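Visitor: Residue numbers (the numbering used here), protein chains in the order written: chain A, 9 to 369; chain B, 9 to 369; chain C, 9 to 369; chain D, 9 to 369.
Think of the hints as simulated: they come from the structure by calculation, not from any bench. Every value quoted in this text rests on a predicted model; they were computed, and no experiment measured them. Heads up, the beta-carbon is just placed ideally off N, CA and C, and yes, glycines get one too. Worth double-checking, as some hints may not be accurate.
Partial selection, computed: residues in chain A whose CB lies under 8 Å from chain B [to be verified]:
| no. | residue |
| --- | --- |
| 1 | Thr22 |
| 2 | Tyr103 |
| 3 | Phe125 |
| 4 | Arg133 |
| 5 | Ala212 |
| 6 | Pro228 |
| 7 | Gly243 |
| 8 | Glu251 |
| 9 | Gly263 |
| 10 | Ala302 |
There are 4 protein chains.
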Amino acid sequence: MSVNSFGRLFRFTTWGESHGPALGAVVDGCPPGLPISESALQPFLDARRPGQSKFTTQRQEPDQVRILSGVFEGRTTGTSISLMIENVDQRSKDYSEVAKAYRPGHADYAYDAKYGFRDYRGGGRSSARETAARVAAGGVARLVIPEVTILAYVVEIGGDAIDRANFDPAEIDRNPFFCPDPLAARRWAEQVDAVRKAGSSVGAVVECIATGVPAGWGAPLYGKLDADLAAGMMGINAVKGVEIGDGFAAARLSGEQNADPMRPGPQGPTFDANHAGGIAGGISTGQPIVVRVAFKPTSSILTPQPTITRPDENGRSHATELFTKGRHDPCVGIRGAPVVEAMMALVLADHKLLQRGQCGG
Amino acid sequence: MSVNSFGRLFRFTTWGESHGPALGAVVDGCPPGLPISESALQPFLDARRPGQSKFTTQRQEPDQVRILSGVFEGRTTGTSISLMIENVDQRSKDYSEVAKAYRPGHADYAYDAKYGFRDYRGGGRSSARETAARVAAGGVARLVIPEVTILAYVVEIGGDAIDRANFDPAEIDRNPFFCPDPLAARRWAEQVDAVRKAGSSVGAVVECIATGVPAGWGAPLYGKLDADLAAGMMGINAVKGVEIGDGFAAARLSGEQNADPMRPGPQGPTFDANHAGGIAGGISTGQPIVVRVAFKPTSSILTPQPTITRPDENGRSHATELFTKGRHDPCVGIRGAPVVEAMMALVLADHKLLQRGQCGG
Amino acid sequence: MSVNSFGRLFRFTTWGESHGPALGAVVDGCPPGLPISESALQPFLDARRPGQSKFTTQRQEPDQVRILSGVFEGRTTGTSISLMIENVDQRSKDYSEVAKAYRPGHADYAYDAKYGFRDYRGGGRSSARETAARVAAGGVARLVIPEVTILAYVVEIGGDAIDRANFDPAEIDRNPFFCPDPLAARRWAEQVDAVRKAGSSVGAVVECIATGVPAGWGAPLYGKLDADLAAGMMGINAVKGVEIGDGFAAARLSGEQNADPMRPGPQGPTFDANHAGGIAGGISTGQPIVVRVAFKPTSSILTPQPTITRPDENGRSHATELFTKGRHDPCVGIRGAPVVEAMMALVLADHKLLQRGQCGG
Amino acid sequence: MSVNSFGRLFRFTTWGESHGPALGAVVDGCPPGLPISESALQPFLDARRPGQSKFTTQRQEPDQVRILSGVFEGRTTGTSISLMIENVDQRSKDYSEVAKAYRPGHADYAYDAKYGFRDYRGGGRSSARETAARVAAGGVARLVIPEVTILAYVVEIGGDAIDRANFDPAEIDRNPFFCPDPLAARRWAEQVDAVRKAGSSVGAVVECIATGVPAGWGAPLYGKLDADLAAGMMGINAVKGVEIGDGFAAARLSGEQNADPMRPGPQGPTFDANHAGGIAGGISTGQPIVVRVAFKPTSSILTPQPTITRPDENGRSHATELFTKGRHDPCVGIRGAPVVEAMMALVLADHKLLQRGQCGG
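If we strip away everything but chain A, and leave its shape as in the complex, we get (with noise of 0.2 Å):
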């Protein structure tokens, strides 16, 4: 039942809070015979690794995975690939406030309420430290799909939009934002520069496509593609909508405005739209995969907020006031567009093998 567990087929286990020796994944049900190095996995990581520019947070960490199993002489063998990233720049510092009261919007008090007491430093395992391990799943994960291509960018940050008429797909790994437009680039540098100074945070919307996935992958009706690629999603940290194709859009339109008619072409039908974002009835349709994902402001901010230390020896809680002085991503979202593309290349991967599994193709 494994709640550190996602997938089917391919399936990983992630391990490891913000501030402990290591953290990691066991990815269980790759394929044998694939090329895999600990090269080939670093470029993933190294997207999502903070640190690299005045926009993210300033920890330092090379964010190195290790291979530990299930590969031999380069290649998958079939077993569980275990992956260790370690941690090495858990700043020691004084965690007496966060361990005695819950910061506003963080998982503090839910983690306090469920389990009785928790990991205070840096988050523990709520951190979005974890997704690091998610993306080297992710990076196995893409050995089991060459056939699709993959790219998640910044579409919106604090609201401000890009212009799809400046969409440019070179322009994203030319800014730290992810951005496919460079002029909203440069817009976002100054807003995200303003917001960090003030200490305060701002959310943003990342959308992933995957062009090369065939029809028919998704499993109807509880493994459905759409549904998978909504827990995916909806399970990174910060993450408050999930939508695919036109999604909430789709809701304002009519059943005319939202067809997706269908001609015939050389290679399977052509269609003249992808409202559906390439999926119908939980089922990839060939066309392109669109999901669109809203990050929330990060919640760590510098002005303090009223909130409530943990319960006393009576059982009581009492106000107080908190702020967060550790560091962190001034906009959580950006760092999210790696994540968000492993995600998209696990739940691809899984279904990949589903299909053959049950349709033998």
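Using the hints, position chains B, C and D against chain A.
Guide: For chains B, C and D alone, coordinates are given in the frame of chain A:
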């Protein structure tokens, strides 16, 4: 791995097609000793039942639920509960057109691509009739969580939203739209009637609130309460988007605006706001759980759409046109409200048991 | 987590009690396009059906299987297949004794301890009638593995074993004991008849061989083919032991005696022996899969046994005596043979799909 | 679906190969707040550790377990617990022979058939070194079930059984055979020494008893306590048979002989006997759980065995001979005792949580 099952400790599996003899659900993991009867489940099915107003499909189905196992002397026994609903109004009609070509926007093409063929009568397994089975299962789930009150209602149809100032829960059952705003209900009656007469369709947004959920339900990191809700909701027919709390709007807020400050209260903390929708770090906080779900317009419309035929003996598809003659909902989102309620109950029941199993309470 | 389900990619869930209206199975994950019909499944149910000789229970059940979903135009669709078998001979009798006290050797006390109460009519969910559902599911599983031939037979009743020199597969269906040795069958007829007349019961050992399983099925380390077989067989009512290949006898051999030397053959290796029972490291080797299953004597006997009552209003149990008046099998192992066959098919179908999913064939 | 995972609510996943840098387990679902430390887990690993007498393999592994996550201030946090054991004595030797041909009785051929190739160093993933990981996980499981006492011991080596009259639990830790009969231990010392010197091997039977298990653990019908034990035990390297209570001997008893009559006792019922091994209908009865496990003789022997080479470039295998030069246990069943104990703990911990989750206690 059961792709027709949902849930972990409280788990259900559905079966059945639109035009088969029956459909049903097997509920596994329901605790023993809960009072249950067919008549206690029936109201939930009645709420979802078609043919009750001119705004929904005219297919006449009594949707009588039968309990075939797992109950003894009016109480659940702890073993698997089999629920069955017979189909009675599978109108015998000519399906030759749908058999030969793919209805755009429907799952027809995707099913063929996946399985090589499909039960084309009324959409087969991909029909929204399946939701009757999960509504029945949801009725069982509600027995497990008597402390929780769940209310789903339509907040927007075709872009016309309710006025929150008019919100009246008592109104929801007084109109055929599950609409909490009497003025909006009147406007929608006109709008949907016009859409129906034009053979068109329109989308909708459903909101669902669960109150009474204690803090501590949810299972980080890959069984998060919000991730499970996202999967459950996105898996409902015609759903294209899911958001928790402020959802996509949160992406436009600053950290200060999005904060949910806490104060000591007589029975646990009180919160100044609920931008988070009752979930932090994947765990309930004790605030109301708030989910919004976007339904696309029904794909079945009377306007002919360009589409393609099934491949002929030479593997070639041809251009054709298709429009949907059968009975259908002009706004599938309306009857989605009881289904959203059911999914909320199913997810919460599961997490209550999980919390008890892992943490003892 | 579904504790009423079994299997990974090919997965089934059963429901139903001895004296409920019906019982059944939902099969999920069956590949699409396989020819299937109720009449093709019926022979497997007929083989297990009670009341066919004086050596089995006299309960008269036609055990007609109905397919309610997942099949279209005579072929599996790839969606969940619902199988239902109605109970018709739930004899109305006085259960007050069994309701008030626990039959020793039965699950009565354990069910009460677990669930707080139980459906005491004919054993409720713990009745061996449930095996009809898995035999039906096993019939579907066989469609998935046409390359495999499965044969189960009784090799020992009450300590009287067959003579391997007399082994004749054709004999198995010619006697009411699934006995491959005609001489043993004659001896058993006398023995079991005497047991039956004495109101006693006797144990049995069933052996099952699957030929045609290619090398490579099985999923180390916690989905090993032998581990899954052990789980499947041990879960059959009245089973107390499972062994693969030489099983317990292998513990008495030396490494030299237990070796299965290999030789090059025209189509893969040949083996000098099959001590391993066709499985090494949890993976099939291409040799026949050999499993032996020990059934205890039926717990229902006419000799009164000391036992205790359900706790009274003061929570106190009292000494009493109980003997089983109802219809029962004098040797439950006999009808176990078709159930063992079904479980073998169910495990192998699952592993065929797994192998295809993970390793591509 | 994770084939390298075991358990439902208390679930672990293992990884690692015989000659990789490390091996480990991730334990998911452990309740929060349990006191835990590396030094508390170490004794279980020490009991299984090789090289402690001349009767086991001479590979020298300290088997130091490290806890990498899921623990804070000496208590479990409720999140995933990562356990790692480094390999230190992977002797660099010439594996070219094993790389080119299949050791009979080992998983070499099966792994190649399944995966297309294999890590041949010391058996790779199929090595019994993996059991160190489950012994570590078993140490965590024991924390969950402090009410239960588990004791595994060897009852038979090479056909030479202990005398039950000599049974002394205190004796088990006083000899290198986990033998409760001092006289048998002396005989075995001679026998196993002779076997070892002859380069041969010998099988064994391990018995395991768990006392203190309350009535009510186990989850019918496909999560039965005995079925889960069977799966867990059969999945241990070299195991070929599992029996519960009287097991295969029960097949030779009459219903009267096999009865376990019940009497009212001061704290629940007392039983006249325990033929059932503490489990009825898949649920614990409150009696001691009794399991016996058959280990085949180690397949590694010094006598050359006929075998075949890996297919050459023409896909053809050739006849050859192979014997195992490496370090190995002359009787792998001996060190199986701590592994059987661990699997018992793992299954029981899982069922305790399941019972709490489903039935509330």
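Visitor: Now look at each hint and say whether the structure bears it out.
Guide: Status of each hint after checking the structure:
no.: 1; hint: Thr22; verdict: 6 Å, holds
no.: 2; hint: Tyr103; verdict: 17 Å, violated
no.: 3; hint: Phe125; verdict: 11 Å, violated
no.: 4; hint: Arg133; verdict: 6 Å, holds
no.: 5; hint: Ala212; verdict: 6 Å, holds
no.: 6; hint: Pro228; verdict: 6 Å, holds
no.: 7; hint: Gly243; verdict: 4 Å, holds
no.: 8; hint: Glu251; verdict: 4 Å, holds
no.: 9; hint: Gly263; verdict: 4 Å, holds
no.: 10; hint: Ala302; verdict: 4 Å, holds
Checked against the numbered hints given earlier, the structure breaks hints 2 and 3 and satisfies all the rest.
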